[in-house]
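J.: Could you build the full structure based on these sequences and the hints that come with them?
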Amino acid sequence: MEITIKLFAYFRDGRFKEAASRFFDEGTTPRKVITSLGIDSDDVGVIMVNNRHADPDSCLQQDDVLAVFPKIGGG
Amino acid sequence: MAEKIFRVDMTDLSTSVEDVPADWMGHGGRGLTSTIVAAEVEPTCHPLGNKNKLVIAPGLLSGTIAANSGRISFGAKSPLTGTIKEANAGGTAAQMLAKLGCKAIIIEGMPAGDNWYSLHFTADGITINEETELIGKGNFAVVETIATRLGDKHGIITIGPAGEMKLLSANLSIKDPDSNLRSGGRGGLGAVMGSKQIKFIAIDPTDAKVQIADNDAFNAANRTFAKALIDNPISQALGQYGTNVLVNIINEAGGLPTRNFTSGQFDGHEEISGETMYDTIVERDGKPKHNCHKGCVINCSQIYNDVNKKYKTSGFEYESIWAMGADCCVDNLDHIAEADHLMDDIGIDTIETSVAMGVAMEAGVLEFGDGAEVCRILKDEVTTGTPLGRIIGCGAGSVGRAYGVTRVPVVKNQAIPAYDPRAIKGIGITYATSTQGADHTMGYTIATNILGVGGTLDPLSKEGQVELSRNLQIATAAIDSTGMCLFIAFAALDDENCLPALIDMINARFGISLTADDVTSLGMSILKTEHAFNEAAGFTNKDDRLPEFFSQEPIAPHNVVWDINGEEIDTFWDF
Numbered sequence: 001m002e003i004t005i006k007l008f009a010y011f012r013d014g015r016f017k018e019a020a021s022r023f024f025d026e027g028t029t030p031r032k033v034i035t036s037l038g039i040d041s042d043d044v045g046v047i048m049v050n051n052r053h054a055d056p057d058s059c060l061q062q063d064d065v066l067a068v069f070p071k072i073g074g075g
Numbered sequence: 076m077a078e079k080i081f082r083v084d085m086t087d088l089s090t091s092v093e094d095v096p097a098d099w100m101g102h103g104g105r106g107l108t109s110t111i112v113a114a115e116v117e118p119t120c121h122p123l124g125n126k127n128k129l130v131i132a133p134g135l136l137s138g139t140i141a142a143n144s145g146r147i148s149f150g151a152k153s154p155l156t157g158t159i160k161e162a163n164a165g166g167t168a169a170q171m172l173a174k175l176g177c178k179a180i181i182i183e184g185m186p187a188g189d190n191w192y193s194l195h196f197t198a199d200g201i202t203i204n205e206e207t208e209l210i211g212k213g214n215f216a217v218v219e220t221i222a223t224r225l226g227d228k229h230g231i232i233t234i235g236p237a238g239e240m241k242l243l244s245a246n247l248s249i250k251d252p253d254s255n256l257r258s259g260g261r262g263g264l265g266a267v268m269g270s271k272q273i274k275f276i277a278i279d280p281t282d283a284k285v286q287i288a289d290n291d292a293f294n295a296a297n298r299t300f301a302k303a304l305i306d307n308p309i310s311q312a313l314g315q316y317g318t319n320v321l322v323n324i325i326n327e328a329g330g331l332p333t334r335n336f337t338s339g340q341f342d343g344h345e346e347i348s349g350e351t352m353y354d355t356i357v358e359r360d361g362k363p364k365h366n367c368h369k370g371c372v373i374n375c376s377q378i379y380n381d382v383n384k385k386y387k388t389s390g391f392e393y394e395s396i397w398a399m400g401a402d403c404c405v406d407n408l409d410h411i412a413e414a415d416h417l418m419d420d421i422g423i424d425t426i427e428t429s430v431a432m433g434v435a436m437e438a439g440v441l442e443f444g445d446g447a448e449v450c451r452i453l454k455d456e457v458t459t460g461t462p463l464g465r466i467i468g469c470g471a472g473s474v475g476r477a478y479g480v481t482r483v484p485v486v487k488n489q490a491i492p493a494y495d496p497r498a499i500k501g502i503g504i505t506y507a508t509s510t511q512g513a514d515h516t517m518g519y520t521i522a523t524n525i526l527g528v529g530g531t532l533d534p535l536s537k538e539g540q541v542e543l544s545r546n547l548q549i550a551t552a553a554i555d556s557t558g559m560c561l562f563i564a565f566a567a568l569d570d571e572n573c574l575p576a577l578i579d580m581i582n583a584r585f586g587i588s589l590t591a592d593d594v595t596s597l598g599m600s601i602l603k604t605e606h607a608f609n610e611a612a613g614f615t616n617k618d619d620r621l622p623e624f625f626s627q628e629p630i631a632p633h634n635v636v637w638d639i640n641g642e643e644i645d646t647f648w649d650f
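Here the protein sequences come in this chain order: A and B.
Each residue of the first sequence is one higher than the last, beginning at 1 in my numbering.
Each residue of the second sequence is one higher than the last, beginning at 76 in my numbering.
It is possible that part of the hints are untrue.
Said to hold, decoys possible - Cross-link-like lysine-lysine pairs, in silico, DSS-like; alpha carbons within 27 Å at most:
1. B:302 / B:284
2. B:364 / A:17
3. A:6 / B:364
4. B:369 / B:79
5. A:17 / B:384
6. B:362 / B:385
7. B:387 / B:364
8. A:32 / A:6
9. B:362 / A:17
10. B:212 / B:228
11. B:454 / B:385
12. B:284 / B:369
What the hints assert, rightly or not - Derived list of chain A stretches under chain B, where covered just means 3 residues or more per stretch with a C-beta under 8 Å from a C-beta of chain B:
13. 9 to 20
14. 39 to 53
15. 62 to 74
Hints listed in this document are in silico derivations from the structure and should not be mistaken for laboratory results.
Where is the CB? At the ideal position from N, CA and C, for every residue including glycine.
T.: What follows is the structure, encoded as structure tokens:
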């Protein structure tokens, strides 16, 4: 199934800046997608699926938009 | 050097030095400014009249080597909100004043004539001098001129033309270590200094040191504290991208107020994002990392150069970029940087003024997205004080009233900043209940609602938001008293070594034995002092509400409205 992936901050370095579509097996999770990109799970701060916060082990669906942020803050 | 209270009476142009009353000894920063304002200012007074007072206080740890302890607090009754107000900022002034033995400066009264003055703070006290050359000048000219008069090592607190004109969004600007500016931005305290006809305060450099009761304990605690800050991954990201790293995550969460609060996402978010800003700074030989005061280990400020690689602005913050960017639909970072620079020079709050521009765009005064016209209005109208310039310079509420706009994002007449309360509900509680009008820094629920700091809480659910905001507002009031930058909170919320080390430093500095519970009690008592002032000024729980359009107009992408009712909001004060 096709998932759109958006990376932010230094997660883009050496990967991709624009949103990218990739194909994964049914039942894949944010954690599996993140690992496939060579990102250490411990560095991940926030995961969103379709603009909502999501659990790394939740089940992704066809056409989901997955956004992955490192630990960031501001204000 | 024992700390003293320095009083300046602008009515008879006299100064005096007083011992610190016992009740004020345990206070610093915001705790002290709010305590003094509550004790000495009539709550019903006109904020620009002779009964208001401007109080300036370094924090409890300012002037020491404690990491990130260089914040200075300004307090008064706000001309923008009519509430009590504290605005704090970095720069060099807090550390210099603390080293000169200043617990607080209280400026009261106002001169009878039209003359303007400056204050000069030296080791011997404060002198009042008549000022003519710099009247009408921008803040950068003030800093340059004082450097030629006194040398470039002086601390400076100054107002621009906005403060002189007593515009309600006028800020106080503080010189940073590179002779650029930081801002005590919100609530129009620059207008209060302007009402007292003081253009600037110069502070002598000094080699004096702040007294520490137990140096060894202090140094050990500071090492632990600084390590907690440096090791924190959020500190590291702040150093690279600045606070503007938030544009993309708040946009992704659907909480980035866009086009005068009519959408939660901005098509041009990538163009104004922290990632783009970082690339632009590097490409133009600027500095992604920069500190606003000595001893800061986070370095969230930056030097942003223009296309010709010449300095344009620094301290280029997320809230300023959001306000001029997404809220006004300007997707050109250089226009936003130019506007930021102009607002620093005019001495006007970037959040209030930019949100006011967004309301003016809705009114048809200018087009959404017209960054060049924004800059023209700032230069030709606000700086010179034309009627339009004054309407915009008096804030978002002022523009709404003048042009009959009903979608005016303010609470207690202060503009709502960069997080939409419909999509991020905890921050709505902070906007509604803050003692100082809408202000994200008073209880930054974004940490937990969005960033996963200090736990997690669904931003779209009503559950737990009042308690989250209350706990953060109490903690923030305490942190704002220490002279610490609020960004220590990211480490304090998630690193168990951070907060105890901070308390150990306060104890070692004063030879006392505060516990974590004492610090919480301090935060609670500050909030209650501020709340009592507001009630005496005429505010009620009915003022702790968001504008009605938030309950009536759903925003994309979540299509949600503000749905926490007044009764639920009022439980905030149950402590």
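J.: Does residue 228 of chain B sit within 27 Å of residue 212 of chain B, going by the straight-line distance between their CA atoms?
T.: The given pair, whose Cα atoms are some 21 Å apart, holds under the 27 Å limit.
J.: Decide if the proposed pair is consistent with the structure: residue 6 of chain A and residue 364 of chain B, CA atoms, cutoff 27 Å inclusive.
T.: holds, 25 Å
J.: Against the 27 Å threshold, does the CA-CA distance of residue 369 of chain B and residue 79 of chain B hold or violate the hint?
T.: holds, 24 Å
J.: Would you mind confirming whether the straight-line C-alpha gap from residue 387 of chain B to residue 364 of chain B stays at or under 27 Å?
T.: Satisfied, since the Cα-Cα distance of roughly 15 Å is no more than 27 Å.
J.: Do the alpha carbons of residue 17 of chain A and residue 384 of chain B lie within 27 Å of each other, as the hint requires?
T.: holds, 25 Å
J.: Verify the proposed pairing of residue 302 of chain B with residue 284 of chain B, using a straight-line Cα cut of 27 Å.
T.: Distance ~24 Å between residue 302 of chain B and residue 284 of chain B Cα, so the pair holds.
J.: Do the alpha carbons of residue 454 of chain B and residue 385 of chain B lie within 27 Å of each other, as the hint requires?
T.: holds, 20 Å
J.: Would you check the hint for residue 362 of chain B and residue 385 of chain B, treating anything up to 27 Å between C-alpha atoms as holding?
T.: Judged against 27 Å, a Cα distance of about 12 Å means the pair holds.
J.: Just to be careful, I want the Cα atoms of residue 284 of chain B and residue 369 of chain B compared with a cutoff of 27 Å; is the pair within it?
T.: holds, 15 Å
J.: Tell me if the straight-line CA distance from residue 362 of chain B to residue 17 of chain A falls inside 27 Å.
T.: holds, 22 Å
J.: Do at least three Cβ atoms from the segment 9 to 20 of chain A come closer than 8 Å to Cβ atoms of chain B?
T.: Held - the segment 9 to 20 of chain A has 4 residues with a Cβ nearer than 8 Å to chain B, which meets the minimum of three.
J.: Does residue 364 of chain B pair with residue 17 of chain A here, judged by a C-alpha cut-off of 27 Å?
T.: Satisfied, since the Cα-Cα distance of roughly 22 Å is no more than 27 Å.
Going down the numbered hints, you'll see the structure goes against none, and every one checks out.
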